[in-house]
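Participant: Sequence:
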Amino acid sequence: MKIFEKRIYFYSFNIIIFFIGITVGSLLFGEKKENLNKNSKTSQIDKKIPMDFDTAFPKEKNTNEKQFDIIKKNLKSLGFSGSLHDSDAWKNFTEKITSKKIHELESKYNFSLLKSIIASRSLPEADFFNKYGFDLTEPTLKNRAILIQGLKSLTVDQFKKLVEMGIDLDFADNPDTVHQEKKLLAYAIESINGFNDMGKINYLMKEKGFSIEKGEDYLIPAIKAAKKISPDLLDEILTKTDPNGLYKHAFISKGIFFEALINNASSKVIDHFLNNGYKFSMCKPSENPFHAAAFNDNITPEQFQKMIDMAGSPNFSLSKITPLMMAVARNRPEQVKILLKNGADVNQVDAGGNSVYHFLNIAKEQDRYTDAQYAEMKKILGSAAN
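The sequence shown runs 1 to 386 under my numbering.
Note that these hints are calculated values from the structure, not bench results. Some hints here could point you the wrong way.
[Unchecked claim] Keeping only pairs whose Cα atoms sit at most 30 Å apart, straight-line, the calculated DSS-like set for lysine-lysine is: (1) Lys-131 x Lys-101; (2) Lys-364 x Lys-378; (3) Lys-182 x Lys-227; (4) Lys-206 x Lys-115; (5) Lys-115 x Lys-101; (6) Lys-131 x Lys-227; (7) Lys-341 x Lys-379; (8) Lys-182 x Lys-208; (9) Lys-240 x Lys-227; (10) Lys-320 x Lys-341; (11) Lys-182 x Lys-115; (12) Lys-160 x Lys-208; (13) Lys-306 x Lys-227; (14) Lys-182 x Lys-100; (15) Lys-306 x Lys-320; (16) Lys-224 x Lys-268; (17) Lys-208 x Lys-227; (18) Lys-268 x Lys-228; (19) Lys-228 x Lys-208; (20) Lys-206 x Lys-306; (21) Lys-142 x Lys-115; (22) Lys-131 x Lys-224; (23) Lys-240 x Lys-214; (24) Lys-206 x Lys-161.
[What the hints assert, rightly or not] Across the chosen pairs, the derived CB separations fall in these ranges: (25) Glu-302 x Val-349: 29 to 39 Å; (26) Ser-107 x Gly-209: 34 to 44 Å; (27) Ala-375 x Ser-211: 34 to 44 Å.
Just so you know, even glycine gets a beta-carbon here, dropped at the ideal spot from N, CA and C.
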């Protein structure tokens, strides 16, 4: 009997070991197979050349979109239907609820109904304010937030109407009001990065007496809005920014100079950086301005050469993509010539083993080159390889 029991224990133990072995093996080899698939996908991704900088370097979700997501979640159970961008949907919603209910909802969900309506790029008529008891003349943080939303979302004419309803501009513009991160004019500058233009900025400066007092307060929004902002205003902001103040922002996002280039800043603005003590040692090696320069239509060959003189090397890499590869991908022959003249390595490959010719071919497939331009670029690269 004891011998029989020992055999049962022996066989049971071996069966258990057998199944454990199968389980562990499947996990190990399954994981290996999965990793192989992942590596294969990664290799394919590496070979895709992002020709648009937003694709290459994804930006944070638009602030207005985030705000709309929060508002929509709060309003869903309250009977609101339709798009948050639809003024008629807001009109139908407000017609169904009382003033008391509106203020209860604002308190419960911690949102401003009027701010939300303005975020939909619409401004209610005057009777709306009387009906629901909104008093914009009170110097409150809530009214300040409504004004800032107006800067972001309303047209110039709508914004003027909002201001004419009596919002306290001095209170709203006071840096001590809420330990304010930006002044009103800075919000106006920032807002032109979206669908807006210079209209509200001109209104505040020419009709309401706002001015650029010191550049630091407006620097970041102005740089990010470089595609649309008046070159003269951006020049004024940079001029009024102490160099120490300007370059202390070197590591914000990908660096101020990087942001200026990628946002297509003017040649005059680029000179501010090249002539006022900018140092490439201040930027991260993986986020250098050379790559952004390929996306700028205003940089001159002389300025690009000066960048190389200041940097000391044309062979920076961003995710193993060199400035030469980026310049070729963006069809910038003058930049390519300057890079090659200064020692750029035409034989260097990226993380996926792709040469500069791969970037050229992808760009040709995406119609960034005519046949003549393609032939000329191959000739330029070929002369450097020989």
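Participant: All the hints need checking, so say for each whether the structure fits it.
Facilitator: Evaluation of the provided hints:
| no. | hint | verdict |
| --- | --- | --- |
| 1 | Lys-131 x Lys-101 | 13 Å, holds |
| 2 | Lys-364 x Lys-378 | 11 Å, holds |
| 3 | Lys-182 x Lys-227 | 20 Å, holds |
| 4 | Lys-206 x Lys-115 | 26 Å, holds |
| 5 | Lys-115 x Lys-101 | 16 Å, holds |
| 6 | Lys-131 x Lys-227 | 42 Å, violated |
| 7 | Lys-341 x Lys-379 | 14 Å, holds |
| 8 | Lys-182 x Lys-208 | 18 Å, holds |
| 9 | Lys-240 x Lys-227 | 20 Å, holds |
| 10 | Lys-320 x Lys-341 | 21 Å, holds |
| 11 | Lys-182 x Lys-115 | 18 Å, holds |
| 12 | Lys-160 x Lys-208 | 11 Å, holds |
| 13 | Lys-306 x Lys-227 | 23 Å, holds |
| 14 | Lys-182 x Lys-100 | 33 Å, violated |
| 15 | Lys-306 x Lys-320 | 23 Å, holds |
| 16 | Lys-224 x Lys-268 | 16 Å, holds |
| 17 | Lys-208 x Lys-227 | 25 Å, holds |
| 18 | Lys-268 x Lys-228 | 15 Å, holds |
| 19 | Lys-228 x Lys-208 | 22 Å, holds |
| 20 | Lys-206 x Lys-306 | 38 Å, violated |
| 21 | Lys-142 x Lys-115 | 9 Å, holds |
| 22 | Lys-131 x Lys-224 | 40 Å, violated |
| 23 | Lys-240 x Lys-214 | 5 Å, holds |
| 24 | Lys-206 x Lys-161 | 16 Å, holds |
| 25 | Glu-302 x Val-349: 29 to 39 Å | 30 Å, holds |
| 26 | Ser-107 x Gly-209: 34 to 44 Å | 36 Å, holds |
| 27 | Ala-375 x Ser-211: 34 to 44 Å | 53 Å, violated |
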